[in-house]
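Protein chains: 2
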Amino acid sequence: MESLPYLAGASALAALVLAWFFFGSVAKASPGDDRMVFLMNEIQKGARAFLKKEYTWVSVFVIVLAIVLAFVIAPLAALTYILGAVLSAGAGYIGMTVATMANARTAEAAKHGPGQALPIAFRGGAVMGFSVAGLSLLGLAAVYLVFVTWMQVDDAFEIVTAFGLGASSIALFSRVGGGIYTKAADVGADLVGKVEAGIPEDDPRNPATIADNVGDNVGDVAGMGADLFESYTGSIIAPISLAAFALGITADGAADESVLNLLMFPFAIAFVGMIASIIGSFFVRGGDSTDSHALSKALHMGTNVAMGLTVVAAVGLSYWMFDDKPWGLAVAVVGGLIVGWALGKAAEIYTSDQFSTVKKIAKQSETGPATTVLSGISAGMVSVASSVILILVGVALAYWGGEQTLGFGEGPKSIPGGIYGIAMAAIGMLATTGAVVSVDAYGPISDNAGGIAEMAHLDPSVRKVTDALDSLGNTTAAIAKGFAVGSAALTALALFKSFQYAVVAAGGETLILDVGEVEVFIGLFIGAGLPFLFSALTIDAVGRAANKMIEEVRRQFREIPGLREGREGVAPDSARCVEISTEASLREMLVPGGLAVVVPLVVGFINVDALGGLLAGSLVTGFALAIFMANSGGAWDNAKKYIEAGHHGGKGSDPHKAAVVGDTVGDPFKDTSGPAMNILIKVMTIVALVFAGAFV
Amino acid sequence: MESLPYLAGASALAALVLAWFFFGSVAKASPGDDRMVFLMNEIQKGARAFLKKEYTWVSVFVIVLAIVLAFVIAPLAALTYILGAVLSAGAGYIGMTVATMANARTAEAAKHGPGQALPIAFRGGAVMGFSVAGLSLLGLAAVYLVFVTWMQVDDAFEIVTAFGLGASSIALFSRVGGGIYTKAADVGADLVGKVEAGIPEDDPRNPATIADNVGDNVGDVAGMGADLFESYTGSIIAPISLAAFALGITADGAADESVLNLLMFPFAIAFVGMIASIIGSFFVRGGDSTDSHALSKALHMGTNVAMGLTVVAAVGLSYWMFDDKPWGLAVAVVGGLIVGWALGKAAEIYTSDQFSTVKKIAKQSETGPATTVLSGISAGMVSVASSVILILVGVALAYWGGEQTLGFGEGPKSIPGGIYGIAMAAIGMLATTGAVVSVDAYGPISDNAGGIAEMAHLDPSVRKVTDALDSLGNTTAAIAKGFAVGSAALTALALFKSFQYAVVAAGGETLILDVGEVEVFIGLFIGAGLPFLFSALTIDAVGRAANKMIEEVRRQFREIPGLREGREGVAPDSARCVEISTEASLREMLVPGGLAVVVPLVVGFINVDALGGLLAGSLVTGFALAIFMANSGGAWDNAKKYIEAGHHGGKGSDPHKAAVVGDTVGDPFKDTSGPAMNILIKVMTIVALVFAGAFV
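In order, the protein sequences belong to chains A and B.
So for the first sequence, our numbering puts the first residue at 280; every next one is plus one.
So for the second sequence, our numbering puts the first residue at 280; every next one is plus one.
Copies of one chain are not kept apart here, so a pair can be met inside one copy or by any two copies together.
Derived pair list, reagent style DSS-like, types lysine-lysine, alpha-carbon separation capped at 30 angstroms:
(1) K473 to K642
(2) K920 to K743
(3) K930 to K642
(4) K827 to K638
(5) K639 to K827
(6) K639 to K936
(7) K324 to K827
(8) K920 to K827
(9) K827 to K642
(10) K920 to K638
(11) K936 to K920
(12) K390 to K324
The hints are simulated quantities; they were obtained by calculation from the structure and are not laboratory data.
Remember, it's a predicted structure, so these values are computed and weren't measured experimentally.
Sequences and hints are given; from them, build the entire structure.
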């Protein structure tokens with residue numbers, strides 16, 4: 280049993296080896312002609328420049344918080360905190376580097392059909408997927424082994440938890456900064472390029488095109504990767520810290536038979552999920568058809584295999600580790616996985632043009648932009664209700680399952696099995712993170728490949744292949760978002776409960792957060808308001824950053840002679856646009872990012888009950904807003920695409936114009952503010968958990 | 280001290296006499312020429328038809344719930360429930376009847392300038408204001424005296440509370456049904472009339488114009504009146520039920536010295552607020568200038584006088600009734616009044632074109648509808664944060680104040696002074712309901728007067744006067760909304776706390792709603808999701824009802840020869856439009872309305888802890904959504920008007936078109952879904968409170 284962290288670490292190493300192998304297989308593919316290589320390099324340069332600058336800025340924040348941690352909690356907590364941050368940043372850097380190599384190579388391979396192109400895009404994405412899962416699990420296993428098993432230091436579990444805070448810090452700024460970047464560049468490129476100058480998307484004359492493609496990588500690859508690095512890390516930490524704080528044990532008690540299983544089970548599920556993801560990744564093969572069903576099947580084969588294997592292995596593990604009452608936790612883990620999948624499916628139903636919601640929004644476009652916007656908003660709001668039901672089914676299943684296996688937990692030093700079950704459900708959702716992120720990162724790579732094909736004037740047949748690959752990306756993004764938001768809710772719930780126990784473990788009174796008490800209620804109110812403020816700040820940030828881009832693009836069209844006409848040898852100053860996006864988005868990320876860390880600290884030091892209320896309020900309202908914004912945005916996006924595919928008058932018609940308005944409103948919803956909610960609720964909870972001892 | 284309910288009842292009678300006097304003074308003014316009388320009658324007929332039909336439908340609901348109450352709680356509770364419903368409906372009917380008499384008379388008086396017109400519009404509104412406050416307080420005082428003081432029946436306080444549930448039932452359906460009606464008619468009239476047929480607003484050729492004017496009355500007069508009838512009633516019931524349930528007293532203990540003050544203080548504040556409102560109403564006089572500052576000052580003089588007098592009287596009362604520690608509750612009541620006013624001011628700052636938010640949205644209109652929509656959404660979301668801060672200042676002041684006077688309340692049978700303070704703050708906010716509603720109902724009367732001036736082809740100078748009067752209406756609506764939403768939050772919080780005590784009083788265990796417990800958390804999640812679902816349902820309802828209107832207006836333009844051209848003697852079939860709006864909005868109100876009552880009942884019978892979580896979650900999320908929607912909507916509306924006043928290209932320019940999109944999105948936000956949130960959170964809480972005994 281004690282060997283499980285080693286096994287988990289070994290599986291993480293295997294994942295990293297696989298990532299290395301995929302990197303090699305991407306690298307040896309041809310990146311195409313000079314023009315394509317040039318574009319690829321420009322995108323890569325821009326993306327790297329952004330990440331470097333971002334990490335420089337964030338490192339200041341990380342150092343400050345590390346110093347605080349060293350003094351307030353423990354010096355070793357500062358160390359693991361930094362390790363968590365560095366590994367998350369590293370995964371982002373590696374993944375993005377490969378993603379920006381894979382784009383031109385996918386475009387080049389697309390000349391030979393989707394059978395060649397799909398594996399390259401997938402493997403490019405898989406480097407991200409397995410770097411994220413591998414570095415996270417490796418780091419966690421190492422931290423656990425070193426501080427809990429070997430050194431048995433004081434505050435060992437606080438120190439393990441600080442690793443998660445490191446991951447959260449990077450995720451916070453990557454998601455917010457990357458989200459602002461990608462939409463500012465997108466809006467800037469579209470508004471001046473498509474609307475004002477009347478040139479097509481991804482046209483090489485448009486100075487913002489490179490920045491737009493950089494944005495796909497920093498937002499949808501690096502930002503998303505950091506997000507799931509944090510979710511994955513948090514989901515494994517949650518049951519461990521819950522068990523440790525609820526039972527009030529320290530490192531030297533971690534090997535006791537009564538608690539060992541509880542501490543090892545998370546590693547066990549992570550281990551089998553990782554192995555299953557690795558196996559699954561070999562099942563992704565491209566066919567020769569651009570038929571979307573066939574492509575979708577090929578791409579999802581990897582995730583489906585990984586999930587199937589995880590289900591079987593989780594049941595087996597539960598049977599092995601909890602042999603007197605095995606079924607309960609098996610239900611929790613498998614239930615989590617299924618609910619994660621169902622949340623993704625629900626998102627697909629609300630945002631895919633195969634279903635009625637998107638068709639209805641497209642129809643509403645006939646009566647203008649206002650009805651388009653309203654129908655999208657109401658669709659997103661309705662989807663909140665069904666997602667709440669799904670997540671509550673997951674919570675109920677997991678709670679029931681946990682109680683079946685572990686009992687109710689009476690008395691101050693016992694663990695309520697139900698809450699442990701909820702924490703394990705989150706791991707169930709995220710056990711296949713390697714596979715899920717691989718498929719998700721595939722999306723922006725295909726998108727970029729299309730951009731390069733356009734900018735390098737490749738044959739239209741190539742663009743057709745990349746478009747087919749790209750269109751899958753929307754669905755995969757929806758599914759990944761389902762996992763991200765579902766696991767965020769469950770993880771935050773488990774971490775929230777750990778926080779309650781941590782306060783007790785740190786010598787505080789039992790923390791009863793009665794919402795009828797005025798302190799808790801005030802906290803709940805603040806907590807419900809914060810996600811709205813956070814959304815407003817990020818929406819405005821996109822607007823301001825986009826305005827800077829718009830001005831620059833206009834300036835270039837005005838001041839560079841021959842640019843608009845596409846005169847031979849005249850090139851836009853793309854680097855300047857990249858620079859502006861980088862500067863603006865990083866500056867804009869500071870306020871919302873800082874808020875997420877400072878508010879829980881300030882409230883916590885004033886009143887712990889209020890902090891508890893705040894976390895609960897933010898969790899439920901943030902979840903609701905995240906679902907609302909993601910699904911409204913996704914639905915508008917696909918309604919526009921549905922019209923562009925020839926319905927309701929097609930491209931250029933009035934309904935299309937109305938649908939474009941919906942899509943533009945939805946852009947910061949689904950790619951900036953919505954995803955940032957997941958991080959917000961987890962960051963605040965993990966800040967509270969790590970500092971619980973200091974508050975009391 | 281025991282005489283206070285009598286005094287309150289007497290002041291309520293005085294208010295009703297005043298309403299009668301104002302009715303007389305409106306009635307004796309000239310309604311103008313035949314054409315104006317005809318239009319006025321059409322509007323009145325439509326509005327009455329709507330109310331009659333609405334009350335018929337709602338009476339089925341009321342009877343069913345009354346039967347349930349009779350069996351589950353007490354037969355007398357069914358009686359007071361019906362009384363509350365009937366009085367609220369009566370106030371709505373009276374108020375709307377007079378409002379629909381005052382419109383033409385205001386237009387006629389506007390021929391002689393604002394000095395003549397303003398008092399008529401105000402007095403028309405004041406009939407509503409004083410009917411609402413008068414019937415509510417009269418009913419409550421009577422119910423209290425009969426069942427608590429005289430008969431001392433069992434369950435006397437449950438029976439008093441049921442009166443509030445009656446008010447809530449009418450408010451729920453009036454707000455939702457009226458809100459759907461007004462926006463469906465508005466959108467229908469605008470979209471086909473202004474956009475498709477190219478005829479101006481309020482043009483007599485447009486078949487939906489009458490329905491649009493009817494909508495102003497059923498939504499903004501009757502709906503708003505029922506809303507504030509319920510708020511006012513609820514705010515008085517909250518501290519009474521809180522004291523009774525927390526102290527576990529029955530009617531025969533209500534005269535004990537230790538509790539008498541607590542039960543009488545609400546009546547005392549209501550009494551002085553009513554007298555102050557009556558006095559204030561005589562301070563409203565019109566000047567001869569159409570300058571908006573002078574008009575605004577004239578109109579608000581009534582409310583300002585009423586509030587000033589209430590502050591002074593509240594301090595005096597607190598000194599008289601709690602002479603050992605008088606200041607605490609004085610702070611609570613006055614604090615509530617000030618915070619209510621500040622919430623209104625905050626709403627004004629976000630929604631008036633005198634301030635930067637609206638100007639910013641207008642500026643964003645230059646880059647198209649998408650940026651208009653986004654900036655409005657973010658403005659609304661930011662306003663949530665500042666409103667949360669304001670309401671929490673009110674909560675903190677009131678809590679502190681209550682504790683100062685009454686102490687902390689230890690042990691199971693004591694009252695926590697802080698919570699009582701919060702309940703009293705809500706009364707502080709609403710004590711001047713008579714004055715506030717008068718000014719609020721003034722808005723749609725002026726709006727209607729403008730419509731009649733247009734339709735009756737009066738001299739443009741008349742329209743100018745009515746426009747000046749109307750433009751004040753937006754500000755007054757914002758202020759009234761501040762009071763409505765602020766008091767809703769505080770009242771719901773106090774009722775929520777009463778619910779906790781009522782469960783104990785009914786023999787249940789002490790209800791500790793620890794958000795860390797899974798049942799409470801599940802409830803919290805459902806509670807956070809419900810306002811989103813409710814919003815989506817009401818937004819969609821407006822869309823569907825508007826579509827039916829659009830089809831009918833198109834049909835009439837197509838099938839009635841000469842209508843569009845305005846041929847002599849050709850009139851549209853306005854009655855048919857009114858009928859369609861009525862049918863559609865009443866049908867659409869059933870699902871969201873039913874949801875608000877059924878969900879808490881179902882959850883409560885399954886698990887009382889979950890119900891507690893649900894109420895808390897809905898309260899905070901519903902408050903946030905209410906503020907967001909009201910202020911986004913208001914800001915878009917005024918950004919459009921700001922552009923129409925000649926900025927950014929003025930009427931007909933592209934920015935104007937973009938602003939119209941924002942305004943249309945905002946219509947159901949601010950007039951349907953947003954206001955419905957206030958009722959949702961209170962209805963659910965009062966349902967829980969009334970049925971608390973049955974749940975355990």
